[in-house]
Amino acid sequence: MIANTTIQESGASQPLLAGEIDSRHGPILYLEDVNVSFDGFKALNHLSLYIDSGELRCMIGPNGAGKTTLMDVITGKTKPDSGSVYFGQTINLLELDEPAIAATGICRKFQKPSVFDALTVFENLELAMHADKRTWPTLFYRRNAEQNERIHNVLDTIKLTSLSKHPAGILSHGQKQWLEIGMLLMQEPKVMLVDEPIAGMTHQEVERTAELLLSLQGKHSIIVVEHDMEFVRSIAQKVTVLHEGSVLTEGTMDEVQNDPRVIQVYLGE
Amino acid sequence: MSQYKQAIDKPYTLTVGVLLAVTMLIPLGNLLTDSDSALHFSAYIVSLIGKYLSFALLALSLDLVWGYAGILVLGQGAFFALGGYAMGMYLMRQIGSRGVYGNPLLPDFMVFLNWQELPWYWLGFEHFPYTLLMVFLAPGFLALVFGWLAFRSRVTGVYLSIITQALTYALLLAFFRNEMGFGGNNGLTDFKELLGFNLQSEAVRALLLLITGLSLLGALLISRWIVNSKLGRVVTAIRDQESRVRFLGYRVELFKLWIFVFSAMLAGLAGALYVPQVGIINPSEFSPLNSLEIVIWVAIGGRGTLYGPIIGAILVNYAKTVLTGLLPEIWLFSLGAVFVLVTLLLPDGVLGLVRNKLWSSTQPLPVSGVPKP
Amino acid sequence: MAEREQAIDWLATDKRSLNILQALQEGKLFELKSESKLVTVQESTNGYLLKDVVSGIELSEVERSAVGKLNLTNKLRSSLRKAIAQLQLNETDPAIRLTAVQALGKDVDDKALVLLSEHLNGETDTDIQLAIQEILVLKQLDSQDRSQRLAAVNTVKTLNSQAVLNRLETLTDKDAEGHFLEPDNEIRDLADAALSKIKTRIMAYAAVETVFFGLSLGAVLVLSAIGLAITFGVMGIINMAHGELMMLGAYTTYVMQKILPNQPGVALILSIPAAFLVAGLVGVAIERGIIRFLYGRPLETLLATFGVSLFLQQLVRSIFSPLNRSVTSPTWMSGSWQINDFLSLTWNRLYILIFCLLVFTALLQILKRTKLGLEVRAVAQNRKMAKAMGIPTARVDAMTFGLGSGIAGVAGVALSQITNVGPNLGQAYIVDSFMVVVFGGVGNLFGTLVAGFTLGIANKVLEPYAGAVLAKILVLVFIILFIQKRPRGLFPQKGRAAEN
Amino acid sequence: EDTIKVGVLHSLSGTMAISETTLKDTMLMLIDEQNKKGGLLGKKLEAVVVDPASNWPLFAEKARELLTKDKVAAIFGCWTSVSRKSVLPVVEELNGLLFYPVQYEGEESSKNVFYTGAAPNQQAIPAVDYLMNDLKVQRWVLAGTDYVYPRTTNKILEAYLKSKGVAAKDILINYTPFGHSDWQNIVSDIKKFGSTGKKTAVVSTINGDANIPFYKELGNQGISAENIPVIAFSVGEEELSGMDTKPLVGHLAAWNYFMSVDTTKNAAFIQQWHDFIKNPKRVTNDPMEAHYIGFNMWVKAVEKAGTTDPEAVQKAIIGVEFPNLTGGVSKMLPNHHISKPVLIGEIQGDGQFVTVWQTNKLVDGDAWSDFLPESKPIIADWTPPISCGNFNTKTKKCSGQNFK
Amino acid sequence: MLKLSALQQYYGASHTLWDLDLQLNTGDCLCLMGRNGVGKTTLLKAIMGLIPVQDGAIIYDGVDLSRAKPETRAELGIGYVPQGREIFPLLSVEENLKTGLRAAGKRGIKTIPDSIFEIFPVLKQMLKRRGGDLSGGQQQQLAIGRALVLNPGLLILDEPTEGIQPNIVSEIGDVIIRLNKARGIDLPRPAPEDIGEIHQAIVRIQRELGVTVLLVEQKLAFARKVADRFCIMDRGRLVADGLMTELDETMIKRYLTV
Ligand SMILES: Nc1ncnc2c1ncn2[C@@H]1O[C@H](COP(=O)(O)OP(=O)(O)OP(=O)(O)O)[C@@H](O)[C@H]1O
Ligand SMILES: Nc1ncnc2c1ncn2[C@@H]1O[C@H](COP(=O)(O)OP(=O)(O)OP(=O)(O)O)[C@@H](O)[C@H]1O
Ligand SMILES: NC(N)=O
Ligand SMILES: [Mg+2]
Ligand SMILES: [Mg+2]
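Chains as they are written, first to last, in this note's numbering: chain V, 1 to 269; chain B, 1 to 373; chain H, 1 to 500; chain L, 1 to 404; chain W, 1 to 258.
A couple of the hints might just be wrong.
[Claimed, not checked] Quick list of simulated restraints, FRET-style, between CB atoms:
no. : chain 1 : residue 1 : chain 2 : residue 2 : range
1   : H       : 142       : L       : 280       : 52 to 60 Å
2   : H       : 260       : B       : 145       : 27 to 35 Å
3   : V       : 211       : W       : 221       : 16 to 24 Å
4   : B       : 127       : L       : 265       : 57 to 65 Å
5   : B       : 104       : H       : 201       : 55 to 63 Å
6   : V       : 261       : W       : 245       : 34 to 42 Å
7   : L       : 361       : H       : 261       : 42 to 50 Å
8   : H       : 338       : L       : 361       : 25 to 33 Å
9   : H       : 109       : L       : 264       : 42 to 50 Å
10  : B       : 25        : L       : 265       : 54 to 62 Å
11  : W       : 239       : V       : 211       : 43 to 51 Å
If you are wondering where the hints come from, they were derived from the structure by calculation, not from laboratory data.
Beta carbons: idealized from backbone N, C-alpha and C, even for Gly.
This is chain V alone, in the form it adopts within the complex:
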């Protein structure tokens, strides 16, 4: 209901696209045998993971299991020690840096909300907006009516219309979370990596977020990391449990919830 108005056709119009994403064989994201270590500590340990096109995947796991690190690997922030990471069949993400990966259509919301404090809410969204992001076109860029409308739609979605002209620096924690989600929407990504979207949100806002994410699936492949089980339950189809840097188990919510190992390391009770 929300996304239909804000998210336009994506994919075909990517100007910076390094090539069509080939997902004919199913998965759009491939991670195989990925290892990351920090000063000897293995944050990701022979991790393999496949995400299908259009899928909404929930990712849970204890604190420090490596979920954020996984996103760091996919978005190019952290280079793994070994393993392979492919976007579609053809794009080797390990060869690309962060902006190049973003340009292929992989976007991310950070665990700690990170918005641009000095820019207004509006400008934050505008910056994120899908567009030609090279220097000269950016310099000569003019916003057209359609783009304007899109920004306003997203502002509505994230309920920040009234604050649109304020610097983002004055937003409260929860408002920043919303703004980041808005920025994600503006980017029209193929793959969305959403790290703990609902931290600091009220119960009702959580519901709205769930609705939003559900409406986006199908068009976008989404990975959501969250510790709020109620929320996860409300959106989950397939859930992956990460533990000590590798996949502990994968399955439907019910399967996972009843897995004794998951209960032991994560859910408790």
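Assemble chains B, H, L and W with the ligands onto chain V, guided by the hints.
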């Protein structure tokens, strides 16, 4: 567009207005009236203002990289000096055989150090268009190479600041060397003509001032257009959260490079305008302390505002002119005290004060109104 | 002056004149104008206290203008030196005899040669015997007897002596027409071999020397940077007045020496705590008066401290005049440790190197072992949270800034021993100091140490090939390129936190 | 009240304040004294002091300010050559007068500048003559700071030494940057260069601040004046007063004035200085004497011309004579340089010099060195018919300022 | 224990807290609720002294703290767990914990109490790791642990469950309850000869003293579990309060949904 931009529009307009008035009035006054007219300004005033305006342009250039892109360049003077040297070389070549040794090709300092031929890098500087090109290209190229290396390797913060300082320091030492062929410590002096016009004539001085003023205005307009463009916002975003911008798909290093090179070229232009008006260019322009002073002008005026640095540069240099004449023995006390007081009392620079008093905007300001991350 | 030279020669023949000659050499010999009489003097409150030259009996006190000093020139000085050496050859103290022998050996004339060989017979001290033999064996090279010469060449090749080197070179040289100066092939070949042996040793000594030069330059860099490593590296304050704090330390040394004019060594040692206090207190005043209002606005500290630096410069100009001030080096800091003719290490540099390491260790201990160390870093990383944890940030800030400033002052004491004490002292070091801290990695004290020594040695290794200026340029370019490879210095802060 | 203004253009802050502040005080003293004598042309003199802050473009700006705003009759100022070069176009454009009191590299003669310091032939050449003839020096180190004055001086000296038969391998030339402070290698090299048994000397054109660490290092590495004397052209009493002179004793300097010279004029001058500056320990030095001579020559010229008009003073001052402090009578030459005695002194433990040699008559300052091929044919003569600062005697052409 | 009266706070010209009154009794566990941006964090910061208040009083244990430095408040035993964790990123976990020792030292605590590692074992494992390198959840645990070093009488927690895995969330809940109901750190098992009235008395006093807790929390379930009172803010004002059990759907609808 947004409210706070309107808030800065007023002083901006005022700055533009005053600059325009000054740059038109003084030169036109001098060109059109007799020397005893009230509208006729002495060569002293004209070249003084010319110098201030060149410095203002230099400060503006630094504000672009520092105020907006957050790159604290401690070597901006290097680009200024390079532009200045390019212009100086042209002016030297213009002396021709009127030098003290009458050598038609070689500048005097080369003659008495027994240089036999003009070094290759001096070739072409007899042509003004080529010189004009080099005024932009020499600093631009240096900025391009240096910036490309540094930004690509993600050198940021103080590390970047200090290596820009190292850069200008290295250039200082290099230009001091007489073997470099730039006149060593004495630099380039004794200029006579620009485009065939006598540099000492009143009209040429007035015209130089006019050109400087118009360049400054032009640069201010372009800079404002840039910072209000989306590129300007990307650059501001980079200042606050560089890594986040990458994940939005922008090539941070290219944006930084763009603004860095543009700013270096502006600085080069400032240098080129400065040299014919003060009559000398010497390696001390490369000294790290000079570059530091530019930072001070920007900070005093208010960084991240474009017009603030212009006013800062003019104020500080005017203060210097006055104080070195009025309190020659103790003026450093007063200047030092001014720096301390401005920092303590006027966190947004002099312009912050003016802005708050005159336009008492309740809107937070783009740079310092928000707690820094 | 020529008359004086003759007089010295004449005096040299009489043992009793030693006092007079020494007084003359030390600049204590004056002429009492009214009586045209030579006296030695001692400074007293009202002028000079006169003493009889020979007996040393006190005579009277006169005004300064009543006496005129007997001036010396280089020529007189060298005659004097010889004359005194001749007379001292028979002193009882072997150390004095050794110096006398060495003095005579500097340029040996026939007279000295006879004197020395005579002396050798009666000499009991082995060191002195050796020294004399060395002089004599060199002379043997000029002997008429070929076998003696061959033997001499063989003996000298083990000596690390410049005189030997010069002599051997003349044995292997050609004259203008390309004929060898030395007609005897065998001697020449032997000399050649000996020469190459000595030269190999010289190369090794030169390498040691270069490393020492580098370390001592490095020590100066480290000393000047280490206070900044705290105020800038740890606290994040861009302290442009750092150089001026060093300057204050140097001026403290000057003042201490004024207070204790006759004990420059004691004054120097006392200057260390004094300079620490002076600079430290000024630092605390700067922090309490200015910087504390600027936390969270690091760039503004640059502006304010730049103002402070101008102020301090002008302050010393007003108090001490714009001229350089003369700081003396105590005797134990002067001269060098002469290992042999080809290697000597200057004492002042050696002491400064040691001093630098001491200061560094002390500082490291303070930051590691005391609570202050932890609290400083906590405050620097998150001031508000530090407050919320109960850390008295104001006190920590003042103490830390005071500590960094105090160390700058101590560095100033060291600098006073090698360079100008003047109002510009600070500016000469500020750029280098920042460079060292950044090159080492901000916030890493150990990095500062390694960076300082690295840059020092790099500079000194390059200098012989490139010259002083080019070497410095090359080092700067090296820093610029190095930072590309390691964007956070030699010892970067690692991990997630450092990335943003 | 009607006064005659005199501009004093010396740096009071920045790197050059160390040297120049004293000259500012000297000027104030001289002006003060002249006023006590009744002023000039019946008017009081008024000093206008500004601070060009060791910043070269600021020198030009301040010169312009003095001439345009304050309308000074003459400017006494500058120290470094580059500051003079910066001021030069301004005084020429505004037809002012500049009295420049420091020894310099020559190769210049402006209608508007009077060079009261030494030209190379009044300092460097006699110094080398002394070393060669009296000390029998055979090997030469020419060490200098890398700027025009040392470069030019050393070029002149190199040419001169070679003309005297010194081989190239016996000359070592070394340049260091301003404020160079780490002399370990260079001193070690000098030591090696001088240890071959041939008498070696260092001719130092090392400037200002670099000298203290240089001499410290010399002392510590055991180079004494007896083995390798250093003769300096930029180290005077004032520089010595900031040094620990113990290790320097016996090293040399060549100047046109020493404080220790025992003449009644000098004693009076020193007394006057001590009274004025209220510090009996302050020393006097060569550039002070240059200002003393220059100022008094200007006064005489103004009196002679009856006006302070620069044009008239320029004409009147040529040929004006004034007794210098060391015994001779200096004269303003047509090339705007003056005649001076050349003294060589050895440093004493108290920071004073003992004169060990001196020219028996005054030496005329030569603007264009005879030892540089390009300058040899050039002369300066500001009297008619030549009236030019660089007149080529071969081509009979005038270049530079009065280029036609 | 804590009494706020007529508190006013502004960010520049914008009025964030309006005339706020709040009372916390010893042993209370109060949950502050409200939508995003209504001023909850602001209020906690004001209590901690991290932002100045323009007017009103903050009385803690009878002392007016409204102008006191944050350091003083920490020394008096107010522990603060900020939103967003605010770990010292370059200090190791151990050093992070040690930062509280100066203030704690005033009340006799010289070393990091072992009980903290019992509550959060992960901290013991990562003692030498830089705080900034920890995962989000690990940092949150560190932040709570750090506040506990002060052995606080009043513990302020700003959304402490944010980003924490479920089993730890419930543990944190238990911890809060335990701290609140009893004075946190369990006493060592007494030696047999000590068992007696004195020991009993100490235990009783401690239990009665309990840590007072002021909590901001959005997760209803969690809030219901740990808190015994609630308090709702809207646009800088207190609009409702009561016992946790009294928090009903209408109130939730009215104040907590958008
Ligand atoms: N740069 C680093 N240096 C050292 N250890 C690191 C670094 N980055 C991450 N780690 C460690 O790697 C592990 C995985 O961290 P990560 O942030 O991926 O966890 P997570 O699954 O996102 O946890 P959470 O749910 O708490 O956010 C953690 O134990 C963390 O301490
Ligand atoms: N530094 C600031 N300057 C101006 N306004 C601010 C500042 N910080 C916060 N605000 C505003 O004050 C209001 C209250 O913010 P606060 O952080 O206290 O909200 P909150 O109730 O904690 O929200 P959340 O649940 O999202 O954390 C918000 O509307 C916010 O925009
Ligand atoms: N002229 C000089 N000494 O610079
Ligand atoms: Mg995470
Ligand atoms: Mg909050």
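CB-CB spacing for residue 145 of chain B and residue 260 of chain H relative to the 27 to 35 Å hint: This hint is violated: roughly 56 Å between Cβ atoms.
Outcome for the supplied range 42 to 50 Å, where the beta carbon pair is residue 109 of chain H and residue 264 of chain L: holds (44 Å)
Supplied distance hint 16 to 24 Å, evaluated on CB atoms of residue 211 of chain V and residue 221 of chain W: Distance hint for residue 211 of chain V, residue 221 of chain W holds at roughly 20 Å.
Whether the CB-CB distance between residue 261 of chain V and residue 245 of chain W falls inside 34 to 42 Å: holds (36 Å)
Status of the given 55 to 63 Å range, CB of residue 201 of chain H versus CB of residue 104 of chain B: With Cβ atoms ~57 Å apart, the hint holds.
Residue 261 of chain H and residue 361 of chain L - C-beta distance against the hinted 42 to 50 Å: holds (43 Å)
Supplied distance hint 52 to 60 Å, evaluated on CB atoms of residue 142 of chain H and residue 280 of chain L: holds (57 Å)
C-beta pair residue 239 of chain W, residue 211 of chain V: status relative to the range 43 to 51 Å that was hinted: Because 27 Å falls outside the window, the suggested range is violated.
CB-CB spacing for residue 361 of chain L and residue 338 of chain H relative to the 25 to 33 Å hint: Check failed, 46 Å falls outside 25 to 33 Å.
Satisfaction of the hinted span 54 to 62 Å by the C-beta atoms belonging to residue 25 of chain B and residue 265 of chain L: The hinted range 54 to 62 Å holds for residue 25 of chain B and residue 265 of chain L, with Cβ atoms some 56 Å apart.
Outcome of range test on Cβ distance (residue 127 of chain B, residue 265 of chain L; 57 to 65 Å): Given range 57 to 65 Å: holds, Cβ gap about 58 Å.
Hints 2, 8, 11, counting from the list given before, are not met by this structure.
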